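Colleague: Chain X is fixed; fit chain F with the ligands onto it per the hints.
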Amino acid sequence: MSHLVSIDNVDMRYGGAAGTLAVSGLTMRVDKGEFAAVVGPSGCGKSTLMKLVTGLHIPQTGVVIVAGEQVTKPVSIVGMAFQNPTMLPWRTTLENILLPLEIVEKHRHRLRANKKEYVEKAENLLEIVGLKGFGSKFPWQLSGGMQQRANLCRALIHEPDLLMLDEPFGALDAFTREELWCVIRDLHAAQGVTIILVTHDLREAVFLADKIFVMSARPGRILKEHRVPFERPRDLEVMYQSTFNDMVHELHGEIAKARVVA
Amino acid sequence: MSAMTETATSAAAPAKPLMARINWVKAAPWLYTIALFALWELLVIALDMPPTILPAPTDVFAAIAKYWSPIWKNSLQTLYTTTMGFAIAVVAGLAIGLFIGWSKTIYAGLYPLMIGFNAIPKVALVPILVIWFGIGTVPAVLTAFLISFFPIVVNVATGLATIEPETEDVLRALGAKKMDIMLKVGIPRSMPYFFGSLKVAITLAFVGSVVSETVASNYGLGNMMSSAQSQFNVPLVFAGLLMLAIEGIAMYALMAWLEKRMTGWAHRSTMAQ
Ligand SMILES: Nc1ncnc2c1ncn2[C@@H]1O[C@H](COP(=O)(O)OP(=O)(O)OP(=O)(O)O)[C@@H](O)[C@H]1O
Ligand SMILES: [Mg+2]
Numbered sequence: 001m002s003h004l005v006s007i008d009n010v011d012m013r014y015g016g017a018a019g020t021l022a023v024s025g026l027t028m029r030v031d032k033g034e035f036a037a038v039v040g041p042s043g044c045g046k047s048t049l050m051k052l053v054t055g056l057h058i059p060q061t062g063v064v065i066v067a068g069e070q071v072t073k074p075v076s077i078v079g080m081a082f083q084n085p086t087m088l089p090w091r092t093t094l095e096n097i098l099l100p101l102e103i104v105e106k107h108r109h110r111l112r113a114n115k116k117e118y119v120e121k122a123e124n125l126l127e128i129v130g131l132k133g134f135g136s137k138f139p140w141q142l143s144g145g146m147q148q149r150a151n152l153c154r155a156l157i158h159e160p161d162l163l164m165l166d167e168p169f170g171a172l173d174a175f176t177r178e179e180l181w182c183v184i185r186d187l188h189a190a191q192g193v194t195i196i197l198v199t200h201d202l203r204e205a206v207f208l209a210d211k212i213f214v215m216s217a218r219p220g221r222i223l224k225e226h227r228v229p230f231e232r233p234r235d236l237e238v239m240y241q242s243t244f245n246d247m248v249h250e251l252h253g254e255i256a257k258a259r260v261v262a
Numbered sequence: 263m264s265a266m267t268e269t270a271t272s273a274a275a276p277a278k279p280l281m282a283r284i285n286w287v288k289a290a291p292w293l294y295t296i297a298l299f300a301l302w303e304l305l306v307i308a309l310d311m312p313p314t315i316l317p318a319p320t321d322v323f324a325a326i327a328k329y330w331s332p333i334w335k336n337s338l339q340t341l342y343t344t345t346m347g348f349a350i351a352v353v354a355g356l357a358i359g360l361f362i363g364w365s366k367t368i369y370a371g372l373y374p375l376m377i378g379f380n381a382i383p384k385v386a387l388v389p390i391l392v393i394w395f396g397i398g399t400v401p402a403v404l405t406a407f408l409i410s411f412f413p414i415v416v417n418v419a420t421g422l423a424t425i426e427p428e429t430e431d432v433l434r435a436l437g438a439k440k441m442d443i444m445l446k447v448g449i450p451r452s453m454p455y456f457f458g459s460l461k462v463a464i465t466l467a468f469v470g471s472v473v474s475e476t477v478a479s480n481y482g483l484g485n486m487m488s489s490a491q492s493q494f495n496v497p498l499v500f501a502g503l504l505m506l507a508i509e510g511i512a513m514y515a516l517m518a519w520l521e522k523r524m525t526g527w528a529h530r531s532t533m534a535q
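Chains as they are written, first to last, in this note's numbering: chain X, 1 to 262; chain F, 263 to 535.
To be clear, the hints were calculated from the coordinates, so they are not data collected in a lab. This one's a predicted model, so the numbers in the text were calculated from it and none came from an experiment. Hints are not guaranteed to be accurate.
What the hints assert, rightly or not - Listed below are several chain F residues computed to face chain X (Cβ distance under 8 Å; list not exhaustive): (1) E426; (2) D431; (3) V432; (4) L433; (5) A438; (6) M441; (7) F457.
Just so you know, even glycine gets a beta-carbon here, dropped at the ideal spot from N, CA and C.
The following block holds chain X by itself, in its conformation from the complex (with noise of 0.2 Å):
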């Protein structure tokens, strides 16, 4: 059991038997502590990925079995974040951050007892993503990088085991963007755990991850699997060099091509 993350020939239809195959043949496998990125053309079932493997869609056909066991349901060991951050306007940012702690099972109980430790935590993690001292703060008065990184916050605060990644720095400028890509690189090296990130961005991609799953149109499966031979910790100037750029280079082809045969 190496695999923390196993697809197996998934089809996943939404709306019914007449619907749309939004992923068909799907087959694809993440190892423990692996950081993989998901590319594609857009509309290829990269979200529909992301929720079969967080059980919050259950395939029609095919196995999707994540730390050994077969997905029925939700499953409560990961993270997630979106694009869109989903901060609750009416919570604090540390408020914000501390909510996963409220539902999943094994801290529910705990949270009012040990309030304490999870809050250090918490400000532990703001600090790492560079937002010390502004748990008080409402989302709202943060700037949307910041929100973002409180994002990222919430979606490691309750210690996932896998930490799913749906295009988080799409909306934000490439400056704070390149800045997030190192604090996850260094949370990824720290904490050992493993992240699915969905992106359009194929630089994020080669920069963050160690294998890159490239997907065809709808209904999509999985074209290519990449191996990404950077040495780890990566320096952002290894985006200068010129085999990182042809691995961009190459990617960019095949997504181009995927969408042409769609």
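Modeller: Just chain F with the ligands, lined up with the frame of chain X:
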């Protein structure tokens, strides 16, 4: 209306250094009210209206002073029936709203029924209420309730039904049950809608109680006005209207204050975006 604002600003402009200490925005409601009464008084004098058709504000105030004791008693009665009906509407509206917003099926099934019910003029229900409960306080309270609970239901249900799917996904992926999502997201989220609807509901509640009092009660401002009208005591009718307006404004202001107190985040968050 625009002519009034123009004269007000042009009159205020040259005297600015003297009157700079007055907060014109704060004072505006009072000034406009006084202006309205003055205009009304002038109109009555200019057209030489008899008080049995349109009494001047001074006549109305005189009537208020003269009939103070019945006006006071009836105003309290109307306030009582209205707030009772409104209170029931708040509790029932919140409960039904939460129930309807709970699931898409319930929402789809009950919504047309609610619309149909709301389309019935509530005056038409008063005779039925009288058959069931007799005349007096009970039908007035119930009419106030029936007319004011609909906006509360719709608003609470809308707040629940419009939870962002992403928020729901994030929580469901953590193993949240429907109940968790409602408690953590749905209910707090629908609170601005709920408190917003209270302002509409309290105004409607007055309509309901007064309508019912007018046709089926021996108490309340509605009854007082209808008997004053049958005695051609038009200043007293207007006095009743004035009291209703005052009660309405007071309750509305209370609801607006409550809304701001309870859901300040909603106003600030929309302002920030
Ligand atoms: N809830 C839904 N109901 C019906 N069809 C859906 C639903 N969600 C997605 N789809 C369809 O499934 C397909 C894949 O959607 P998905 O959101 O997984 O794409 P994506 O790869 O994440 O796209 P993007 O890159 O634009 O985010 C799309 O064609 C979409 O129309
Ligand atoms: Mg998507």
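Colleague: Next step is simple, just say for each hint if it's right about the structure.
Modeller: Right, here's what the structure says about each hint:
1. For F:E426, the shortest C-beta to C-beta distance to chain X is roughly 6 Å, which falls under 8 Å, so the interface hint holds.
2. With its C-beta approaching chain X no nearer than about 6 Å, F:D431 sits inside the 8 Å limit, and its interface hint holds.
3. Interface restraint check for F:V432: the shortest CB-CB distance to chain X comes to about 5 Å, inside 8 Å, so the restraint holds.
4. With a least beta-carbon distance of about 6 Å to chain X, the hint placing F:L433 at the interface is held under the 8 Å criterion.
5. Interface restraint check: F:A438 against chain X, minimum CB-CB distance 5 Å, threshold 8 Å, status holds.
6. Because the closest C-beta pair between F:M441 and chain X is about 11 Å apart, greater than 8 Å, the hint is violated.
7. Taken as an interface hint, F:F457 does not check out: its beta carbon lies about 12 Å from the nearest beta carbon of chain X, beyond 8 Å.
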